[in-house]
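Undergrad: Taking the hints into account, I'd like the entire structure generated from these sequences.
There are 2 protein chains.
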Amino acid sequence: MYRTHNCGALRMEHVGQEVTLSGWVQTVRDKGFMMWIDLRDRYGVTQLLFNEEVSSKELLEAARSVGREFVIKITGKVIERSSKNDKIPTGNIEIEVSQFEILNASQTPPFTIEDESDGGDDLRMKYRYLDIRRNPVKEKLMFRSKLALETRKHLIGTDFVEIETPFLIKSTPEGARDFVVPSRMNPGQFYALPQSPQTFKQILMVGGMDKYFQIVKCFRDEDLRADRQPEFTQIDCEMAFVTQEDILNTFEGLTKHLFKTMLDMDMEDFPRMDYDEAMSRYGSDKPDIRFGMEFVELTEEAKGKGFPVFDDAEMVVGICAPGQASEYSNKDIKKLTEWMQRPQIGVKGMINVKYNADGTIKSSVDKFYDEAQLKTWLAKFDAKPGDMLLILCGETDKTRKQLNELRLEMGNRMGLRDNSVFKPLWVVDFPLLEWDEDSNRFHAMHHPFTSPKKADVERMLNGDHETMKALRADAYDLVINGVEIGGGSIRIHDRALQEKNFKLLGFTDEEAEDQFGFLMGAFEYGAPPHGGIAFGFDRLCSVMNGTHSIRDFIAFPKNNQGRDVMIDAPSKIHDEQYDELYLKSTAAEKVVE
Amino acid sequence: MYRTHNCGALRMEHVGQEVTLSGWVQTVRDKGFMMWIDLRDRYGVTQLLFNEEVSSKELLEAARSVGREFVIKITGKVIERSSKNDKIPTGNIEIEVSQFEILNASQTPPFTIEDESDGGDDLRMKYRYLDIRRNPVKEKLMFRSKLALETRKHLIGTDFVEIETPFLIKSTPEGARDFVVPSRMNPGQFYALPQSPQTFKQILMVGGMDKYFQIVKCFRDEDLRADRQPEFTQIDCEMAFVTQEDILNTFEGLTKHLFKTMLDMDMEDFPRMDYDEAMSRYGSDKPDIRFGMEFVELTEEAKGKGFPVFDDAEMVVGICAPGQASEYSNKDIKKLTEWMQRPQIGVKGMINVKYNADGTIKSSVDKFYDEAQLKTWLAKFDAKPGDMLLILCGETDKTRKQLNELRLEMGNRMGLRDNSVFKPLWVVDFPLLEWDEDSNRFHAMHHPFTSPKKADVERMLNGDHETMKALRADAYDLVINGVEIGGGSIRIHDRALQEKNFKLLGFTDEEAEDQFGFLMGAFEYGAPPHGGIAFGFDRLCSVMNGTHSIRDFIAFPKNNQGRDVMIDAPSKIHDEQYDELYLKSTAAEKVVE
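Here the protein sequences line up with chains A and B, keeping their order.
Under this note's numbering, residues 1 to 593 are what the first sequence spells out, in order.
Under this note's numbering, residues 1 to 593 are what the second sequence spells out, in order.
These are computed hints drawn from the structure, not numbers from a lab.
Positions of the beta carbon are idealized from the N, C-alpha and C atoms, including for glycine.
Hints are all accurate, no fakes.
Part of the chain A face toward chain B, derived, beta carbon under 10 Å:
#, residue
1, Asn104
2, Lys138
3, Glu245
4, Pro557
5, Arg563
6, Ala569
Computed beta-carbon distance windows for the label pairs:
#, chain 1, residue 1, chain 2, residue 2, range
7, A, Arg441, B, Asp568, 24 to 30 Å
8, B, Pro110, A, Asp223, 42 to 48 Å
9, A, Pro110, B, Asn135, 56 to 62 Å
TA: In structure tokens form, the structure reads like this:
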């Protein structure tokens, strides 16, 4: 037996008991005739006392040979500490050690196993097993486990069925890029790993399993950015005989339940905002509504006054940063402008209007606008003395996107994005299709299975090209604190409408049949109305913990080159493996090119 | 709104209420002025009444247009049925329909959507969405969902943490064959899909997460037999600071909990049997102990009496089939012998001794053995009048295997393998290594990470070749009703011992380092003693339901060619996909060969 208790269990009530503990050596303090070891496991830390009077001298000698992260097992008596530590739950007691065994030695770890480690990201990933011993990582993994269980309990408790869908499926080239898996038994053919269980969950609805969910890994072979992993986890759901309203209520209920159970937080009903409104008020379809600074359009007021930059612009729009007039020197504003001019954002310039605390107004466009005019601006923003306006102009979509970045940056600088505050928002009524000028075709705003709103079905089947641009979908996103937690839609369940949608998206009839014939076939055998949603599970974990990085919620994440640096994958395979799969590598040539 | 209730909800207490239901048309009975439709959804069936007096004539006409599996929505009043149906929970009521809408039409399904369908396996797989509407399939999927939740609740309730391990890992050519995934970002390199999370769960133990589990998909690219799928699900577990005893107790507890919760069945403590005993008593490491007919060895008694077949045999061994003497004519015995002579089993011959009800003895070896001698045999079997001995002989391992098949077949014929009875058994003390004459090397009986028993460590590190054959492992299987539900072992946690094991298994130092260097590296940073187990989840589902097929517990299984016939995968991929992955197909050439 390795332990009677774990290292977080012992209290005053155990004083006098003989116990056996196993764990890792956190710290050693040696006073010669006495020695203390902090012994750590997943559950906590317990102080061990090695005392020449109780333990033998030999035992003390042996204990002296251990270093950090050695694995030891001890037996001893629980005693009350003379100097108590009220920072840890076991801080009232210590163990007077009478037996001692080294279970395994340890080399000196390459970084400290402390809450704040001195290890850089790369080192922590290579020695992930040491990193996981640290409380912040360990706790995030435990949070994730509990969040998954609570999700399952809640959904199954409300008649959902968790159904596993296959991982070896079929490659469909539109959308993101698939990871593919060569089939040995079917030469020249490949499986694909699912980007989502989309078609399978719709098939399950046709199969009558009217409330499906699954917490499931999904795969996308896309170039990686921070916070994007080639494999990621979704809470994937689908329901039959439901309207958008039913789905929003069901998953608002789930979200509230999770915040209550995990964080003991009662959430009010989630506000809803349609896509157009989100774009005009925040320049984003995932607005962070923890703070204001909403967009105010000045196009009418600002144009035609001789300032050519504004006169040429499709839109003039700005935000009012409360109390910031005195915070920004000319130099600061110059810096902020430069930050906005970086290629990632790419503004040409930025106009500012300071409404000083003394009531005076100072702007970077004083040459073109007199005080009266600027006052009409300030009034439109409902600005108070001390506030500062920051104004951009240009083509509508682009300018909104830029101003969104500025708003979020100002929110950060002003400390308005408090991570202990949670502001959920449903964004609804997304456009069905997005016209792409470059490729001269429509893209699905959500995905090709999304249904137009009931009122738009007729227009979609019979309308002209311009009509298509205006179609709205029963599509919705859940946004918390400016992060898209999930999204979904009501699906098409009618063959003719699905065929029309594929055509609009540029599929030939053959392509549509080849890739999604099974789904359209299923629609002919009594497909019920249905819809669903998927939550990004990694992201939900991180948002609920008030952090932006998903990495520490993933036990073994990959780096930005898609590599697992701990196991060193991907790696080369043997020639026999190529042969069995009827494949040849062209990589050598490509690399030399 | 599509429904106020589901089709299994309404009872006498709802009589008088107006309700809305949606579902599928199960059956239509038309009496002209009145018409009944059985409306079905996941929850049950409700009878709808279309009555000219209440519904309009037009509504009756409209309802008349529907066929089987149409999706309809109705509103009406719950009324008491005149002729009640006590076979279904909604059998006391019906709905007098006042509003009616066809939500979707259906073609005539290719097989009947009934508990006993007329659809063959291939058709059912192609139209899996129709198959899933059938109660037997639907209920199996719901059972699986609940079993997974109960597993999770129980394990997390006892401090386990569910941790997701990666799917894109590294190919290791020993063991079963990997599915591999070409990496676009790392030309010429491949990920592999995990055959199990083995190394990751051990790494988690090194990481201090001392109670890990995961219900997880695993992948093996092996030629498929019935009941084997390229992707399958495991309850995968690992614990640190445990002995074999701790693991057996923990997972015996889980198993009992699942039988109690799912089947309301209290199980007694599981018996344990060591591997050698299982082989000598049942000729199998997964004995079905629901019935007796244990092996009795006759080698001593049977040899040296002038019967050359026995004289030449390494072993003579048989079973006693109670009460079967009068059941088997000479013709029946001939047939049974032929069954045993099929290549799958391959005996040369089979000896029988009938202990007739009248006390006389008749055997197929009367020429060589007199009654007194045969009586000593019967005594050894503890045979009663009416019993029949069936005896095989030959090389020990092969003969035991053959007799195991015979025993199971006799158990089937005699109705002794009752699927409502559950007899679990721990088989323990497996050999560590298996010597393979053909390849002239050792194989790991469990896997390369399995630890020898503590008493055998020294012998393993320093013993000779013959010693290695006798090493025993802390390895164990859970068997229920002759089906292996799961297995596991205590692992090696010491670099030197792991290196020695790899060497015995024929790895060069380079191969060991290349494939498992990260794990051996981890052992140098304070690896705790640990061990684990994995249950086959698909199989657990099927055994608990008393069936042998796992297919209907899998929503979308693949056929024996590894194909999903519904979506038609695997399939060809585009040339651009080959190019992006630095691959060329050689399949065309191979196919022509």
